[in-house]
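Just need the whole structure built from these sequences, with the hints factored in.
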Amino acid sequence: MKKSHDSFEEFPQDDVRSAIRSGIVQAKEQAEPPRYRVANWKRKITYGLCSAAAVFGLLVGSSYFSPALASSLSQIPIIGSVFGNSDLISLQQAQKSGLTSEIGETQTVDGISVTLDEILYDQNNITIGLVIESDKELEDFYFGAGMDFTINGKNPSGSTGSYGEENLSETTRTAIQEINVTEEMPEEFELGLMLQGQKGETWYFSTPVEQITDIHKISVQHTQTVDGLTITVPEMSISETGVSIAYESVEEETDFDLSRGGNIEFHVVDQNGNEITGRSGGASGERVKDKIEFRSSKQFDPLDSSVRELTITPYLVIPSGGGGVEIDENGKETELEFKGHLIKPVEFDSFKVRVPQID
Amino acid sequence: MKHDIQTVKRAINGDAEAFEELLFKEEKMLYYKALSYVGKKEDALDAIQETACNAFLAIGKLRNPEYFSTWLFRILIRECYRLLKERDQMMPYEESELLKRLDRKQDEETDSFHLSEALSRLNSTYQICLILFYYHDLTVKDIAEVTDKPVSTVKTNLRRARKKLKSELERSYQLNEKVT
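Residue numbers (the working numbering), protein chains in the order written: chain B, 1 to 359; chain S, 360 to 539.
Don't read these hints as lab results, they were simulated from the structure. Heads up, the beta-carbon is just placed ideally off N, CA and C, and yes, glycines get one too.
Think about it this way: if two alpha-carbon atoms lie no more than 20 Å apart in a straight line, the pair counts; the simulated EDC-like pairs of lysine to aspartate or glutamate are:
#1 B:Lys291 - S:Asp402
#2 S:Lys400 - B:Asp15
#3 S:Lys400 - B:Asp290
#4 S:Lys387 - B:Glu10
#5 S:Lys522 - S:Glu476
#6 B:Lys289 - S:Glu386
A short list of chain B residues far from chain S (calculated; beta carbon distances all over 12 Å):
#7 Lys154
#8 Glu188
#9 Ser219
#10 Pro234
#11 Gln271
#12 Asn272
#13 Asp304
Structure, rendered in structure tokens:
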């Protein structure tokens, strides 16, 4: 080996040892990937399940006594658009504006039909609407934590998202699967989807998806460091389906359970003090040497045309309880210790972003 | 062999502490070797981290514990090469050292200015071949392993690289003569 041009510098033993240790930890994580980690998926609450079932029961019951009502009911499709019926403003808006792609592909396995109803790919998420009909009543959480997916046939390196169901009757439910958009997703690609039932039944779908085009990016470039935690908001995206605030955080910490970057949320108000409602979004983090870096994009409801300026205040949500269970490939469960009470609180400054007029 | 064979065997059986101990013993060599390939401290540390990761994942397949060091440094060089390729960076070298080596194979003496100019005109595959072979003293077989190419391809590339370098050097001299 030739002598290095930097060999006269002092040998950085601590850095080298830290790189070696990080490499070993990385290898251990790769060798034993947790098959199922509850904490990684932010599940959504199943919406208004009882009320929907009650309304449906009432309608069916009334139609038994009134043939006229029964006749009119037969004209109304019980299930309209999954997005149109959802309680999320962004999805209703997207459906109304024709930004979603209607798929309508149905697959039936062991008496359970799963229909891929529609898909929306905006700046925040790929949102998938499903209609599930079965011959027999299915238990809650029959489909576990929701769908797995592939990008052009390849598994993504990591993903966050959510899955929620709405029961319309004992044998009919709709579901909304959200997959948070990451850098590795091209604007157009073949999305592979896999849903698994409790008894191992599997439904596969494959469909091309394309991101909506009217997404306006606003450069923000805001950085602040508080108590060793640096957050950077490089940009914001605005479209008809909502707003997303991208952020990156870097913190000198090696324990994921104590790191704060993944627990950052944003409080957003317009120039008149009206709050823009936020929706939860996952964050994915990685350890780089002695630091933990998080990247995420937080989602908010669409802005109305009167909004000219936003005041954004980052804040930390310290979990009050939690922990989790990690299950390895042999089914062995390891309880993950809850360390939320050890997380140090931090207060960030607000910053303002001017919203340009968009026609 | 400088490593305790029992420690290597423990590492082969998946003992992370034994593996860490082995790498700590090689820490200086790992760092300076990586630095000689990638040129920057931060890149050298990245290459070491990737090496530790990939070596730990693959050590179960190491059949001869006595070749642990050779095996480890092959992984390191491969990681350095991969990192440079990924970042689209050229492998750094000391001009005077490379010149000394190359001049032994050339009929006439070259100077540093003409060499770096001629080398920069070669495509990156040829440049890498020459640097790995003359500057880092890697054998054709080692280069084939690091760059993931067949030995015959590396031989051909080396032959063409030398030929091309010679003609580029001649061109560079002619051009400079015209200017002066």
